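Those protein sequences? They're chains U and G, same order as listed. Residue numbers for the first sequence follow the numbering used here, so the first one is 1 and each next one is one higher. Residue numbers for the second sequence follow the numbering used here, so the first one is 1 and each next one is one higher.
Simulated from the structure, these hints should not be mistaken for laboratory data. Source: prediction; values computed, not measured. Treat the hints with caution; some may be incorrect.
Note that identical chains are pooled: a pair holds if it fits in a single copy or bridges any two copies.
Mimicking EDC-like on lysine to aspartate or glutamate, the simulated pairs with C-alpha atoms at most 20 Å apart in a straight line are [said to hold, decoys possible]:
{"no.": "1", "residue 1": "K335", "residue 2": "D205"}
{"no.": "2", "residue 1": "K47", "residue 2": "E561"}
{"no.": "3", "residue 1": "K262", "residue 2": "E320"}
{"no.": "4", "residue 1": "K346", "residue 2": "E320"}
{"no.": "5", "residue 1": "K435", "residue 2": "D552"}
{"no.": "6", "residue 1": "K346", "residue 2": "E357"}
{"no.": "7", "residue 1": "K593", "residue 2": "D574"}
{"no.": "8", "residue 1": "K47", "residue 2": "E494"}
{"no.": "9", "residue 1": "K82", "residue 2": "E561"}
{"no.": "10", "residue 1": "K328", "residue 2": "E341"}
Number of protein chains: 2
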Amino acid sequence: MIYRYDFGHPIDTSAVIRQLPAEQGELPRFAVRREGEKLSFSCELGKDDFIFGLGETVRGINKRGHLYRAWNSDDFSHTEDKNSLYASHNLLLFSGEGGVFGAYFDDPGEVLFDLGYTEMNRAVITSVNGDLSVYLIEGDSLVEMCREFRGLTGRSYAPPKWGLGYIQSRWGYASEDDIRAIVREHRERHIPLDGMSMDIDYMDDFKDFTWNRDAFPDLPGLAADLKADHIRLVPIIDAGVKQQKGYDVCDEGVENDFFVKKADGSLFVGAVWPGRSYFPDFLRADARLWFGRQYRKLLDAGIEGYWNDMNEPALFYTPETLEAAYAKAEALREKNIGIHEFFALKDAFGTIANNPEDYRRFYHEIDGKMVRHDKVHNLYGAMMTRAAAEGFAEYDPEKRFLLFSRASYIGAHRYGGVWQGDNNSWWGHLLMNLKMMPSLNMCGFLYCGADLGGFGCHTTGDLLLRWLQLGVFTPLMRNHAAQGTRDQEAYRFENWPEMRRVLTVRYALLPYLYSTLMKAVLTDGMMFRPLAFDYPADDTACRTEDQVMLGDEAMIAPVYEQNARGRHVYLPEDMLLVRFRSASDYDLVPMTKGHHWVELGLHEFPLFIRRGHVVPLAKEAEWVEAVDSADLNLLGWLDGSIEASLYDDDGVSTAIDLDAGLKAITVTLRDGKATASGEGLTLHTNDLVIS
Amino acid sequence: MIYRYDFGHPIDTSAVIRQLPAEQGELPRFAVRREGEKLSFSCELGKDDFIFGLGETVRGINKRGHLYRAWNSDDFSHTEDKNSLYASHNLLLFSGEGGVFGAYFDDPGEVLFDLGYTEMNRAVITSVNGDLSVYLIEGDSLVEMCREFRGLTGRSYAPPKWGLGYIQSRWGYASEDDIRAIVREHRERHIPLDGMSMDIDYMDDFKDFTWNRDAFPDLPGLAADLKADHIRLVPIIDAGVKQQKGYDVCDEGVENDFFVKKADGSLFVGAVWPGRSYFPDFLRADARLWFGRQYRKLLDAGIEGYWNDMNEPALFYTPETLEAAYAKAEALREKNIGIHEFFALKDAFGTIANNPEDYRRFYHEIDGKMVRHDKVHNLYGAMMTRAAAEGFAEYDPEKRFLLFSRASYIGAHRYGGVWQGDNNSWWGHLLMNLKMMPSLNMCGFLYCGADLGGFGCHTTGDLLLRWLQLGVFTPLMRNHAAQGTRDQEAYRFENWPEMRRVLTVRYALLPYLYSTLMKAVLTDGMMFRPLAFDYPADDTACRTEDQVMLGDEAMIAPVYEQNARGRHVYLPEDMLLVRFRSASDYDLVPMTKGHHWVELGLHEFPLFIRRGHVVPLAKEAEWVEAVDSADLNLLGWLDGSIEASLYDDDGVSTAIDLDAGLKAITVTLRDGKATASGEGLTLHTNDLVIS
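Please model the entire structure based on the sequences and the hints provided.
Okay, structure coming up:
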């Protein structure tokens, strides 16, 4: 059950889709304390209790032992001391001595989560503004509570099936020729590919909904050519709109009053990629509608997918912060400054970007009232995503479009997916990619993934290969890198044939992965779960942070250490190890419950299938539409007959339905031999291990 | 055997202590290529070959797969993409298909180590200046090559025994009262303590060899009081000397021409903690002698140990870089700048510190010639350490002083230890601490350790506890934290009693740890070794990066993950697990060769003792001098009689001798019962597991 408790004057964030009645009594489970505007909620923790949740943020699956902060931040250095990333997903699920319960803090402003950080055995959640709804979640299990919370917050975004294909990206693809050359390299080497994502380079002077007509003389033609080759273009859209007279988006926004303003009524100006820019007030329905319709300019050019960026919103500087830094420099220039003055000077320039003061300079209009941005900061990106999704729905309500965003808030999961932001080519970020998947799933974000190979810093052939081995399983599978870093397309590395073979597994698993994702969408379920969700009574499983359950059938456990040739794995039950080298080259090793060392050469990666379950494998394909979902080889370890199911649909239409899409699979064991049947399916059973 | 090959005009770095004849033929093992001044040495790598070495730097014990750079750097963010830390230890040891060999690149300028980074199966070492000696090391094993290299580079620094005690530190202890209060808290709670290290706060206006007479009215009195309580003060000394007329060190240095100069003969000025400063030319013997003698000012006050800092040298700014940034700001101020100009402006201030151009602005005098700093950059800290050590030897040649440095170069290991620099309160840095220990040992740095709990960022009670559990084994065991971070003394945390119990193990192990360290000093051995050194034929052991051999008897395997309650351990042979909670509370579990899961509660940590070996445990003590090294309990798992040995000495005199210090221990097994004897030792055998 979920109960709503209101404090102060909660702002409607549209995170939930059903209006629960506000409870009148005291909030159970927490001691509530007000200090000025701040409101804090504290509870004791058992010594070994777990805390799950918080979606996109740093550190472990068990969030215990750190101070987190809900404050969407454009900060590219995801080190473990950080308190925020790009999203605010304020869901906590407690599990331990006192049973399980959860709490969702629906507050679009700054919220602090001190989870056993100041005091090891106490959690203190602090709403800085004190205006929020707390949804208390009671239930018997983590899985059940999570499903109920997801029911309250609404069905997750369903991507088009092609969005599960491999997408190549880079900040730096400067022209049509670049794009075509990279596509060609993939196709010629038979490296599967379904999408080319375009970073800010494609735009005309970084202006939203434009493209550089010199570098991309015929974008519709390019999009059509690529689509004929089964590849989609996926351009970026930024939150800021260039301040430039004659630029239609700017002019329209100014004319119709769609941009955020300062207290004195003047337009707020912040500099981002296009230089000085205005920011649409995505919190207003009319501004959202207007912005969402802008996507048509590219939809009409044949674009079917987008990524929304810089929507925390990121601010490189404002005229005010820049001027303050200039003034500081001028004042100190004539002095023989001391060391403290020097650091203050450095800070004046070093803290120009995303400065807290700037987020207090502008206002949104909510129900006719002006609300200062910092009170609703964490909603901004979510409402940009909503604007796009509403625009697509108006453009073609029958069709699914690809959409994923950097910033988000719970509620945005209904409109699009997310990528995990500007990570780095660090082995530690491969592991963080894994750990974030179930946490994102809890909060409803199912279509997600990280920049494979790492966005910042220089990757290496072995890191990219290992990261692709994890990316095989994440719905969004995109290789993306920053300007100035080493070329990162798979074929740039001498071990690209091994990368190609890894990608064949992605496409062979596509029927299974799509089915698993869509089942999660249609049942308010999770595609990825912490082991703690499935084996709550097994403390070792609960504390295992480098393995994750995939669907109801499987577990993944990537190698995330350089120069490793294997890893330790804990099996919470008997499982079949599939040691993949490619879609057609793998070992099957039945393994019993317990601790194991699994040998995994650099070109090998594991999938563990729970005993008594099957995972179907299709034939190799180089793009999603070429995957034959009807001709499947079943992998598994069985000791009896089983019933399984697979979801499928046309992959593009918005009319999705669980019952219509589910196909039953029956595997019958007789005299030690398996036969399998499923309506409209050709099923092979040679790779079923029987014992 | 070691062979020397010269290229260009090598500068004498005094890294080696014996002059080998220069070989006349071509350098074997490497293809040598000159490109302008640059000289590169490349060799092919087998797919699975290992590369060890490089001492203090980031990433794994196996250095394969990254680009490293010899360039001593003051950079506090030790993320895995970094190429340099504070030291340059240019030793590589290759092991793989083609057997083993090593190479030491004795070049005090910039050297790049591309170890399978650009091409996965090729190592390319590039000397930027092209003037160096390459020492090729041939041998039959990693251990043997390492010992031979250490013989060439000279006996490692031996600290006083008290330097193995627990040291408490913080940037921020501002007064005698602060120091006394912290000491009192430790003594009252019986938290062992042997040293209080003092950061820059103690100085008068950050001037070397001074102290603030208001905050420390009677430093000699404080030092004497603490020493009576068995605690030493360990002050910091920085490389830069404040530019201030009337400050004797500055005046003397100017008068005698001991500071580095620019090309035009004027004194080079760089700003560090004291503001604008001069930099002693430590590469000159006369300047070293002069600087070394300055330590007397504190030695006379009763100080017996120091840490040398900021000696890369770090440069916060120079008047030139600062002026360039000011000018940039002024030029842009009146323009409506574009985004690229904005980033250039930010960079102008962001890259002021440790700017490469500044390292080309000043010169050292070597053999009467002016040598630009960047050609010998990596020697600077090493020569500061040498200056101090030579000063101590002159002051009291019979006595060992404590000395450790931030910057170093091979050769400095003869004069002092190192700490691992300004790490962070990151779990990943606990693991990095472990990995760096054997790499530092290879290069001769035996007295070393990291800032326990982490220097930057805020620590937590569990991180500090786990880190202390590793620190138990590192010769330098110091808890140190930066200004502005959470108070980090053990007693600040609610779980301090568990920290206290961990520290009792340190002191109980002290006879063993001191013996192990001094044996390594006196035999050119390593206290910590990668498993690859001891089990070269065991590929799993060779690839194990989170466990390290300790002496000839043991292996350590700390827990380095938050919320973990155990870890996987690979035993390359049968070992006895000692699961420590305190010096008097532990489990003994014989474990067979292979993979294991070991349960380790937050308050528990393991030591693994090789079967057939013993590790002695003394009684609890609160300071080093109180440890009774003659009354020892033997821990081990034996199936027959054995001979062991323990080194000891008075802990302070410089006259150290292996034969004089070694005591034989005989454990005799008869009828399943053990008896033990050793000259002058009372030995207990109740905790020997016999089977």
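Evaluated hints:
For the identical chains of this complex, K335 and D205 are inter-copy neighbours only, at 18 Å across copies versus 40 Å inside a copy, given an alpha-carbon limit of 20 Å. With identical chains, the CA atoms of K47 and E561 are at most 20 Å apart between copies only, with a shortest distance of 16 Å across copies and 30 Å within one. Proximity of K262 to E320 under the C-alpha cut-off of 20 Å is restricted to the intra-copy arrangement: shortest distance 12 Å within a copy versus 40 Å between copies. Within a single copy, K346 and E320 get their C-alpha atoms as close as 17 Å, and across copies as close as 15 Å, so both meet the 20 Å cut-off.
Within a single copy, K435 and D552 get their C-alpha atoms as close as 18 Å, which meets the 20 Å cut-off; across copies the closest is 38 Å, which misses it. For a Cα distance limit of 20 Å, the shortest separation of K346 from E357 qualifies both inside one copy, at 18 Å, and across copies, at 18 Å. Taking CA atoms no more than 20 Å apart as the test, K593 paired with D574 passes inside one copy only; the shortest distance there is 5 Å, against 24 Å between copies. In this homomeric assembly, K47 and E494 come within 20 Å of each other (Cα to Cα) only across copies, at 12 Å, whereas the closest approach inside a single copy is 49 Å.
For a Cα distance limit of 20 Å, the shortest separation of K82 from E561 across copies, 17 Å, qualifies, whereas the shortest one inside one copy, 22 Å, does not. Taking the shortest Cα distances, K328 and E341 sit within 20 Å of each other both inside one copy (10 Å) and across copies (19 Å).
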